[in-house]
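Following the hints, put chain Y in place on chain D, whose structure we already have.
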Amino acid sequence: MSVDTEEHGAAGPAEPDHEAHQHKHPSDRNYILVAVLLAAITALEVGTYFLEDPSTTLLVVTLFPLMVAKFAIVCGWFMHLRYDNPLFKRVFVFGLSLAIGVYIVVLTAMQFWDSGYGT
Amino acid sequence: MTDAAFATHDVDPALHDKGVPSHGTSTGVSNEKLAMWVFLGSDCLLFGGLISTYLLLRHRSVAGPGPQDVFDIPFTSVSSFVLLFSSLTMALAVGAIHRGDERRSRTFLLTTALLGSTFIAGQVYEFTSFVKEGLGYTTNIFGSAFYTLTGFHGVHVSVGIILLLSLFVTSVRGNLGPERAESVEIFGLYWHFVDIVWILIFTVVYLIP
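These protein sequence lines map, in sequence, to chains D and Y. The working numbering numbers the first residue of the first sequence as 1 and each following residue consecutively. The working numbering numbers the first residue of the second sequence as 1 and each following residue consecutively.
Extracted from the complex, chain D is given alone in its bound form (with noise of 0.2 Å):
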């Protein structure tokens, strides 16, 4: 996606003098684009509901990358992770790894990856 950006933060002499301040933003075109891209992959994620009875194992391949890449998305350009200061994207993905991390080994640890698992 080609990438219309404005630049904020340099005009007026009240703006707070951080490099943070000033980083590019999407214009409106570009967040409509991502907003309707979010929509697409929403309608897919639907979509799956009306599959005649879907493997978990099916659903779980397709969901998890949709869910992974609205994610992103939502983070990067809604965000501005993708402009802003690499110091915001640390400390947030550093909570998200942490939460990760944590809750695999607690998920491991009460057997939920079994086969067997609430059954």
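Note that these hints are calculated values from the structure, not bench results. This one's a predicted model, so the numbers in the text were calculated from it and none came from an experiment. Some clues are possibly wrong.
Simulated pairs of lysine to aspartate or glutamate, DMTMM-like, Cα-Cα distance not exceeding 20 Å [stated by the list, open to error]:
1. Lys89/D with Glu32/Y
2. Lys132/Y with Asp69/Y
3. Lys24/D with Asp101/Y
4. Lys24/D with Glu179/Y
5. Lys132/Y with Glu179/Y
6. Lys89/D with Asp43/Y
7. Lys24/D with Glu32/Y
Some chain Y residues flagged as far from chain D (calculated, every beta-carbon gap over 10 Å) [to be verified]:
8. Ala63
9. Ser77
10. Glu126
11. Ser129
12. Glu133
13. Ser158
14. Ile162
C-beta atoms are modelled at their ideal positions from N, C-alpha and C, and glycine is treated no differently.
Structure of chain Y alone, referenced to chain D:
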């Protein structure tokens, strides 16, 4: 703190009154924005715990309705689109305030609040219909885990709506000009985070049986 440190972090009182940090920070980035990212990183742990708990407990019920008995995927899909669209209007509000277009920013802030309210109304309707179908908070362990997870998310959205309305009122009073754009941007981060949490919940809770 030493005198030298005070000198380094000197603040222009006129700007400080507007909530604008006119001083440099030791990290080179806005402290308020960094604090929001730290909060969002820590909130990942909260929702990670709630989602993991739901995954562990959802098929452990011995009585009462289960996920497949109560979920209305088409209805929840519409709610998901509504929340997704609210992220777009929030991003447009941030873009508008950075350009100095206060009127447009105000309109998008209010639209975002209305879309968030629509989402919450949908959640209230969903919870009510589940209760009518026999799934209360204490009916079974699936109900407890489901209501706790989606309820926490709903509280986050509700807090966001209150903050959106306060930003809207601040803007109407003329106190939310381009010099306060960072406040809108920081709130936008919170709103988008609520959206990405729903992206996870919609897939893991609703779409994967």
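Do the hints match the structure? See the list:
As the CA atoms of Lys89/D and Glu32/Y are separated by approximately 15 Å, the hinted pair is consistent with the 20 Å bound. The suggested pairing of Lys132/Y with Asp69/Y holds, with an alpha-carbon distance near 12 Å, which does not exceed 20 Å. Pair hint Lys24/D plus Asp101/Y holds up; C-alpha atoms about 17 Å apart against a cutoff of 20 Å. A hinted pair counts as satisfied when its Cα atoms are at most 20 Å apart, and Lys24/D with Glu179/Y qualifies at roughly 17 Å.
Restraint check: the Cα-Cα separation between Lys132/Y and Glu179/Y comes to about 50 Å, which exceeds 20 Å; the hinted pair is violated. Straight-line distance between C-alpha atoms of Lys89/D and Asp43/Y comes to about 15 Å, which keeps the hinted pair within the 20 Å bound. Restraint check for Lys24/D and Glu32/Y: the C-alpha separation of about 19 Å stays at or below 20 Å, so the hint holds. The beta carbon of Ala63/Y is kept farther than 10 Å from every beta carbon of chain D, the shortest such distance being approximately 15 Å.
Consistency note on Ser77/Y: stated as away from chain D, yet its beta-carbon is not over 10 Å from all of that chain's, at 4 Å minimum. With a minimum CB-CB distance of about 16 Å to chain D, Glu126/Y clears the 10 Å threshold, and the non-interface call stands. For Ser129/Y, the requirement that its beta carbon stay farther than 10 Å from each beta carbon of chain D is met, with the minimum near 18 Å. Every beta carbon of chain D lies more than 10 Å from that of Glu133/Y, the smallest distance being close to 19 Å; the non-interface claim holds.
Listed as outside the interface, Ser158/Y is consistent with that label: its C-beta sits roughly 20 Å from the nearest C-beta of chain D, beyond the 10 Å cut-off. No beta-carbon of chain D comes within 10 Å of the beta-carbon of Ile162/Y; the shortest separation is about 21 Å.
Consistency with the previously given hints fails for numbers 5, 9, ordered from lowest to highest.
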